[in-house]
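2 protein chains.
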Amino acid sequence: MEAKELLLHEVKQNDVTIINDKNNDTTNDLNSANDDNHLINLEKGDPTMFCSYWKKLDNECSVTIKASELISYTINHKEADFFGQMPEFVEAVKRVHRVVGNAVTEGRYVIGGTGSSQLFLVALRALASSVRKTTNGSNSSNKRIPVVCAEPYYSFYKEAMEQEKSELYEWQGDANTFKPESNNPYIEVVTSPNNPDGRSRKPVVKGEGGVVMYDLAYYWPQYTPITSPADYDVMLFTLSKTTGHAGSRMGWAIVKDQEIAKKMKKQIWLTIIGSCQEGQFRATKILQFVADRYEHASYYKPPNNMYVPKLFQIEGVFDYGHRILAQRWEKLRAIVQRIGVLSLPDFSPGFCNFFQKPTSSVPAFAWVECKTVEDAEQITKKLKIKTRIGSRFGSSVSERFIRVSMMGDDHDFNLFLERLSSLATMELS
Amino acid sequence: MEAKELLLHEVKQNDVTIINDKNNDTTNDLNSANDDNHLINLEKGDPTMFCSYWKKLDNECSVTIKASELISYTINHKEADFFGQMPEFVEAVKRVHRVVGNAVTEGRYVIGGTGSSQLFLVALRALASSVRKTTNGSNSSNKRIPVVCAEPYYSFYKEAMEQEKSELYEWQGDANTFKPESNNPYIEVVTSPNNPDGRSRKPVVKGEGGVVMYDLAYYWPQYTPITSPADYDVMLFTLSKTTGHAGSRMGWAIVKDQEIAKKMKKQIWLTIIGSCQEGQFRATKILQFVADRYEHASYYKPPNNMYVPKLFQIEGVFDYGHRILAQRWEKLRAIVQRIGVLSLPDFSPGFCNFFQKPTSSVPAFAWVECKTVEDAEQITKKLKIKTRIGSRFGSSVSERFIRVSMMGDDHDFNLFLERLSSLATMELS
Chain W
229 MEAKELLLHE VKQNDVTIIN DKNNDTTNDL NSANDDNHLI NLEKGDPTMF
279 CSYWKKLDNE CSVTIKASEL ISYTINHKEA DFFGQMPEFV EAVKRVHRVV
329 GNAVTEGRYV IGGTGSSQLF LVALRALASS VRKTTNGSNS SNKRIPVVCA
379 EPYYSFYKEA MEQEKSELYE WQGDANTFKP ESNNPYIEVV TSPNNPDGRS
429 RKPVVKGEGG VVMYDLAYYW PQYTPITSPA DYDVMLFTLS KTTGHAGSRM
479 GWAIVKDQEI AKKMKKQIWL TIIGSCQEGQ FRATKILQFV ADRYEHASYY
529 KPPNNMYVPK LFQIEGVFDY GHRILAQRWE KLRAIVQRIG VLSLPDFSPG
579 FCNFFQKPTS SVPAFAWVEC KTVEDAEQIT KKLKIKTRIG SRFGSSVSER
629 FIRVSMMGDD HDFNLFLERL SSLATMELS
Chain U
229 MEAKELLLHE VKQNDVTIIN DKNNDTTNDL NSANDDNHLI NLEKGDPTMF
279 CSYWKKLDNE CSVTIKASEL ISYTINHKEA DFFGQMPEFV EAVKRVHRVV
329 GNAVTEGRYV IGGTGSSQLF LVALRALASS VRKTTNGSNS SNKRIPVVCA
379 EPYYSFYKEA MEQEKSELYE WQGDANTFKP ESNNPYIEVV TSPNNPDGRS
429 RKPVVKGEGG VVMYDLAYYW PQYTPITSPA DYDVMLFTLS KTTGHAGSRM
479 GWAIVKDQEI AKKMKKQIWL TIIGSCQEGQ FRATKILQFV ADRYEHASYY
529 KPPNNMYVPK LFQIEGVFDY GHRILAQRWE KLRAIVQRIG VLSLPDFSPG
579 FCNFFQKPTS SVPAFAWVEC KTVEDAEQIT KKLKIKTRIG SRFGSSVSER
629 FIRVSMMGDD HDFNLFLERL SSLATMELS
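Heads up: the protein sequence lines correspond to chains W and U, in order.
With the working numbering, letter number 140 in the first sequence gets 368, and the count goes up by one each step, no holes.
With the working numbering, letter number 412 in the second sequence gets 640, and the count goes up by one each step, no holes.
There could be a bad hint or two in this list.
For identical chains, the list gives no copy identity; a pair is met inside one copy or between any two copies.
[As the list claims (entries may be wrong)] DSSO-like, lysine-lysine: derived pairs with alpha carbons at most 27 Å apart:
no. : residue 1 : residue 2
1   : Lys610    : Lys434
2   : Lys434    : Lys493
3   : Lys434    : Lys322
4   : Lys386    : Lys490
5   : Lys386    : Lys407
6   : Lys585    : Lys322
7   : Lys284    : Lys294
8   : Lys612    : Lys494
9   : Lys386    : Lys434
10  : Lys585    : Lys490
11  : Lys407    : Lys393
12  : Lys361    : Lys272
13  : Lys430    : Lys614
14  : Lys272    : Lys494
15  : Lys493    : Lys614
16  : Lys386    : Lys361
17  : Lys490    : Lys559
Hints were generated in silico from the structure; no laboratory data involved.
Assemble the whole structure, with the sequences as input and the hints as a guide.
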């Protein structure tokens with residue numbers, strides 16, 4: 229091979245361009261010939277609606293990582309930090325929560341993991357081993373700690389726990405029907421706003437030996453009014469639902485108790501050593517931008533003729549998210565009302581401390597009930613729309629329900645509405 | 229706050245500089261006043277010796293990720309790829325193995341995870357649930373599958389398994405003393421070259437119901453002669469020990485059997501959805517560079533006066549790694565010989581197919597025996613050197629042994645040698 233050819237080859241080989249995003253809503257042709265046969269996947273909560281927002285900030289929020297950076301496991305020289313967590317990441321997480329006012333972080337431990345899905349299992353293990361100890365005085369009990377969540381519950385909980393086959397805990401399903409014996413230990417998972425139905429939730433089991441874990445992935449102002457800073461023992465959040473960066477797999481737990489935090493860190497250490505530093509680095513950049521935008525933009529008045537930093541020109545990500553979701557919900561509700569056989573949950577508006585005005589809940593998922601058929605998938609399959617069937621969210625949840633992601637890109641969402649509209653002329657009753 | 233101040237603030241806040249690396253050997257002052265009291269941490273296998281290599285390639289191998297990139301969970305539009313693995317990453321892994329000749333990847337499944345530590349547990353679970361099925365005809369058996377590894381074994385295996393408390397398998401320690409009953413199932417872990425002692429290994433248990441998992445983290449030409457491409461059912465590798473990028477937490481398994489691969493993918497999906505895409509993206513860039521360097525540089529002869537791409541100017545990473553480790557081992561052996569009371573394992577040289585010449589094993593860890601004391605840590609503590617004591621590597625391993633990382637930065641390694649030299653004048657017998 230000639231040098232020139234080689235050089236070209238090198239450039240080609242080393243040019244790892246990112247080609248894998250469903251990035252750009254605008255490049256999709258709404259009228260493409262294939263659209264009629266295109267299977268619209270609204271089954272998973274892939275938050276691609278955020279792509280067009282971040283597109284405008286591509287340069288402001290890009291990160292560059294050089295070959296020799298982020299090599300070491302250790303984040304800094306202090307032995308205490310061998311755990312592999314960037315102090316900048318923790319600080320950015322705390323700043324965003326302070327700015328939004330959705331969670332107390334002062335004096336709390338922030339523990340990062342590969343998505344909140346990993347942290348869910350890590351927190352469960354820490355809580356289960358801790359309540360086994362507390363309740364029995366020793367760790368000798370071999371009974372598995374029951375884990376419950378009110379139906380409809382996020383389908384992942386059951387599936388993840390069942391595949392894990394832990395001897396520490398076991399999935400026992402619906403919290404509404406669960407009755408703990410005397411002061412026996414249990415763990416209740418509270419997802420608020422709830423996935424799939426968007427409702428605000430509180431614990432339902434009244435037992436003395438119970439501990440509660442809060443999955444607050446959707447407790448952000450784009451989805452629901454922020455009424456007060458959440459202040460619970462264990463709270464889970466994820467970048468996926470905060471800013472839309474799902475590919476980074478960056479989640480965090482906010483933990484009150486030092487012993488639980490220690491157990492969780494030890495597990496993270498023993499399973500993954502720490503989460504990917506490239507991901508932490510990028511999450512830090514994104515979260516810092518979001519915090520800056522909301523900390524300063526509200527009282528910034530640029531003098532005439534002065535350069536206005538991009539930070540202050542652009543809509544905040546929570547405003548964007550809420551605006552898009554509110555538009556989508558409005559359109560969906562209008563169609564559902566016209567069709568008549570479908571129904572959606574209703575939410576009362578609440579005063580959002582973050583937006584400083586009343587806002588409506590516009591959840592990340594629509595929990596759609598079809599009143600006239602036994603199996604709502606019959607309809608969605610006809611319409612070539614992939615959704616998640618009600619029974620995945622609990623054994624007593626009717627298959628008349630389906631969960632539909634509201635977070636996809638414009639193209640898919642519009643096609644979904646279009647196909648749903650056609651239902652009015654179909655035989656449904 | 230004035231606009232100018234705000235702008236400065238913004239720049240400061242958004243400028244997430246990477247300050248956490250023990251990056252630059254050259255900035256360390258060998259004669260600093262603090263050196264005498266400095267605790268040298270050679271306990272963990274942090275591969276910071278690679279920093280100065282990559283420093284020279286900072287610009288050639290940097291990656292930039294824009295705000296709107298890597299947002300989606302999905303890597304491309306095909307449903308089959310929802311698993312969250314970049315095809316480019318898989319291809320780069322396969323290319324490097326082809327170029328090095330250390331593992332067969334044709335027709336194999338490559339599964340990425342958050343470091344090989346996560347994949348170790350994921351693979352164990354897949355193998356354990358599979359052998360339980362195979363052996364009993366059904367999955368009804370509740371017996372835990374024994375997992376063993378010949379002593380001295382990598383201390384992580386026992387610790388990770390014990391904290392996990394799986395009902396699928398249990399740690400049963402030393403493979404040398406393990407006797408499986410009739411054709412009962414078991415899993416043997418074979419680490420080759422072995423951590424801590426650098427020896428090449430084969431399975432030691434002779435049982436009919438057994439399966440073997442190979443941890444080949446150190447089967448790279450910088451550590452040991454590559455004698456043939458490894459071709460086993462389940463093999464684990466990690467970027468940490470391949471190129472030194474430990475902070476990325478990128479590991480991969482190479483799996484022969486489709487069912488095992490499916491089980492592993494499902495678990496990854498259910499615990500983390502996929503590994504961090506920023507990490508995959510960067511690993512791809514680094515691995516592609518390494519493959520290019522070795523694929524082309526050997527037969528490249530630049531014409532006079534022509535620009536020579538950096539790719540061809542620079543020593544390959546495996547040459548660099550082997551050169552540095554060989555120098556360190558030589559120095560260490562010289563001191564150990566002089567002192568007399570310590571000993572190191574000996575390795576016969578082997579023909580390395582990759583380097584196309586005989587090379588010696590220069591393992592990532594030195595497995596040091598102190599012949600005159602019961603507890604080798606007595607000595608290392610006096611010398612303010614943190615190492616890992618022999619008993620961590622198995623219950624019958626003597627505390628006369630310590631494991632010392634050979635992969636740290638120059639400064640720490642030189643200080644280690646200096647302090648070790650002082651032993652000659654100390655009372656040891």
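Going down the list of hints, with the structure as the test:
| no. | hint | verdict |
| --- | --- | --- |
| 1 | Lys610 to Lys434 | neither (44 Å within a copy, 56 Å between copies) |
| 2 | Lys434 to Lys493 | neither (30 Å within a copy, 38 Å between copies) |
| 3 | Lys434 to Lys322 | neither (32 Å within a copy, 54 Å between copies) |
| 4 | Lys386 to Lys490 | both (25 Å within a copy, 19 Å between copies) |
| 5 | Lys386 to Lys407 | within (18 Å within a copy, 37 Å between copies) |
| 6 | Lys585 to Lys322 | within (24 Å within a copy, 55 Å between copies) |
| 7 | Lys284 to Lys294 | both (24 Å within a copy, 10 Å between copies) |
| 8 | Lys612 to Lys494 | between (46 Å within a copy, 25 Å between copies) |
| 9 | Lys386 to Lys434 | within (21 Å within a copy, 39 Å between copies) |
| 10 | Lys585 to Lys490 | neither (39 Å within a copy, 49 Å between copies) |
| 11 | Lys407 to Lys393 | both (23 Å within a copy, 26 Å between copies) |
| 12 | Lys361 to Lys272 | neither (37 Å within a copy, 31 Å between copies) |
| 13 | Lys430 to Lys614 | neither (30 Å within a copy, 49 Å between copies) |
| 14 | Lys272 to Lys494 | between (31 Å within a copy, 16 Å between copies) |
| 15 | Lys493 to Lys614 | between (38 Å within a copy, 22 Å between copies) |
| 16 | Lys386 to Lys361 | both (24 Å within a copy, 22 Å between copies) |
| 17 | Lys490 to Lys559 | neither (47 Å within a copy, 40 Å between copies) |
Of the numbered hints listed earlier, those contradicted by the structure are 1, 2, 3, 10, 12, 13 and 17.
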